[in-house]
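Asks: Sequence:
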Amino acid sequence: MKKFKFGLLPRIITAIILGVVFGLFLPLPLVRIFATFNSIFSNLLQFMIPLIIFGLVTPAIADIGEGAGKLLLITVVVAYLDTVFAGCFSYVTSVSVFPSLIDSSQKVDVAEIATSVDPFFTISIPPVMEVMSSLVLAFMVGLGVAFFGSLNLKSLCKEFKDIVAKVIEVAIIPLLPIYIFGIFLGMTYTGQVVKVLEVFLAIIGVIFAMHVVLLVFQYCVAGAVSGKNPFKLLGNMMPAYFTALGTSSSAATIPVTLERTVKNGVSEEVAGFTVPLCATIHLSGSTLKIVACSIALMMMQGMPFDFGTMLGFIMMLGVMMVAAPGVPGGAIMAALGILSTMLGFGEQEQALMIALYITMDNFGTACNVTGDGAISIVMDKFFQKKS
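Note that our numbering has the sequence shown beginning at 2, numbered continuously upward.
Honestly, the hints are just simulated from the structure, not real lab data.
Cβ coordinates follow ideal geometry from the N, Cα and C atoms, glycine included.
Treat the hints loosely; a few may be bogus.
Said to hold, decoys possible - Across the chosen pairs, the derived CB separations fall in these ranges:
1. Leu312 with Pro128: 47 to 55 Å
2. Leu154 with Gly192: 20 to 28 Å
3. Phe121 with Val213: 23 to 31 Å
Claimed, not checked - With a Cα cut of at most 25 Å, we get these calculated SDA-like pairs of lysine to any residue:
4. Lys167 with Lys196
5. Lys229 with Leu198
6. Lys167 with Ser134
7. Lys264 with Lys162
8. Lys382 with Phe274
9. Lys229 with Ser134
10. Lys167 with Ala252
11. Lys196 with Phe384
12. Lys264 with Gly303
13. Lys382 with Asn363
14. Lys162 with Asp64
15. Lys229 with Met239
16. Lys229 with Glu270
When you get a sec, could you build the whole thing from the sequences and use the hints?
Replies: Next up, the structure:
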């Protein structure tokens with residue numbers, strides 16, 4: 002018999018439910034036990050963020066930089082611009098719709114959770130470098146490896162990537178449900194959980210609707226470029242959409258995405274190049290979701306923000322998403338650093354972002370891979386013109 006696998010999403014949802022239930026009756030000493038765990042785990046997470054950025058972005062930049070040809074360059078540019086567009090679309094929609102769903106007069110102070118339930122002790126784990134220092138170093142080393150063709154340094158970077166990915170896989174991801182449990186346990190104990198859950202439920206439907214609108218827009222553009230019916234093109238990609246919905250993995254969906262892209266009339270040569278590449282660099286659905294979730298949390302806490310700040314965040318997020326496929330658990334792990342440095346998110350806000358993001362992770366991945374097919378159609382048209 003095939004062994005049943007209890008995935009990350011059901012574990013996170015279970016952790017949220019149990020945190021709410023147990024927070025209603027657990028005494029303070031037991032709540033402090035989980036507060037102690039969360040304090041240590043959050044310090045570990047903060048320590049890992051710069052290493053995640055350097056370990057995963059560096060080889061990704063090196064691999065992209067090694068490619069040659071106009072098709073590579075134009076695919077990367079189009080994928081990045083589409084990702085930034087998705088973030089801007091999410092911003093405009095969120096600031097237009099969320100105020101009617103989120104009661105700003107009932108401000109939720111997430112930081113109060115950390116101060117109202119003290120841990121028994123904590124262990125300080127200072128990061129080895131700042132987030133922006135890690136990102137700049139990743140670009141410098143990655144581009145240097147690509148320019149000089151240093152095989153030894155490239156191998157070292159990939160081995161470091163494997164180490165970072167393994168730490169996330171065997172330590173961070175398995176402990177995330179306990180961390181989320183502790184967060185919601187603390188919120189229930191301090192009486193703030195109802196407001197937070199109301200926001201969660203209110204915005205999930207809006208984010209899903211934005212995913213649908215984004216896909217329709219992407220295929221309308223692809224249809225206009227190729228002269229084909231956009232809704233037929235989008236319909237042909239539905240097997241890839243539902244495969245990604247089930248697997249939550251862009252990489253695991255590549256065979257299906259490739260087959261459906263070819264069915265849409267894209268040449269096998271172009272599809273074989275663009276689909277695997279876009280699975281790495283094109284995460285428009287994930288970017289849309291991260292922007293929407295961050296705006297919701299900032300509105301919920303009364304944090305100030307403007308379009309200029311968010312545009313800078315979106316443009317940097319598009320770069321960070323290059324590393325996302327290498328991170329078990331999704332793009333949110335790669336985005337934690339700039340959520341902290343550019344939007345001022347603390348440990349509690351980051352934990353809520355992880356919980357909110359992962360509850361919709363399947364839909365973001367499905368949007369990503371389906372959008373890859375639209376980019377492939379555009380690139381196929383460009384390739385035909387140039388050839």
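Asks: Going straight from one Cα to the other, do Lys167 and Ser134 come out at no more than 25 Å?
Replies: holds (23 Å)
Asks: Next pair to validate is Lys167 with Lys196; report whether the Cα-Cα distance is within 25 Å.
Replies: violated (36 Å)
Asks: Note whether the CB distance of Phe121 and Val213 lies within 23 to 31 Å or breaks it.
Replies: With a Cβ separation near 47 Å, Phe121 and Val213 fall outside 23 to 31 Å, so the hint is violated.
Asks: Does Lys229 pair with Ser134 here, judged by a C-alpha cut-off of 25 Å?
Replies: violated (46 Å)
Asks: Would you mind confirming whether the straight-line C-alpha gap from Lys196 to Phe384 stays at or under 25 Å?
Replies: violated (51 Å)
Asks: Within 25 Å, alpha carbon to alpha carbon, are Lys382 and Asn363?
Replies: violated (30 Å)
Asks: Given the hinted pair Lys162 and Asp64, is their alpha-carbon gap at most 25 Å?
Replies: The hint holds at about 13 Å.
Asks: Below or equal to 25 Å on CA atoms is what counts here, so check Lys264 against Gly303.
Replies: The given pair, whose Cα atoms are some 48 Å apart, is violated under the 25 Å limit.
Asks: For Lys229 and Met239, compute the direct alpha-carbon distance and say whether it is at most 25 Å.
Replies: holds (17 Å)
Asks: Given a hint of 20 to 28 Å, does the C-beta separation of Leu154 and Gly192 actually sit inside it?
Replies: With a Cβ separation near 53 Å, Leu154 and Gly192 fall outside 20 to 28 Å, so the hint is violated.
Asks: Against the range 47 to 55 Å, how does the distance between the Cβ atoms of Leu312 and Pro128 compare: consistent or not?
Replies: At 27 Å between Cβs, range violated.
Asks: When you check the alpha-carbon spacing of Lys167 and Ala252, does it fall within 25 Å?
Replies: Given that 25 Å is the threshold and the Cα spacing comes to 17 Å, the pair holds.
Of the numbered hints listed earlier, those contradicted by the structure are 1, 2, 3, 4, 5, 7, 9, 11, 12 and 13.
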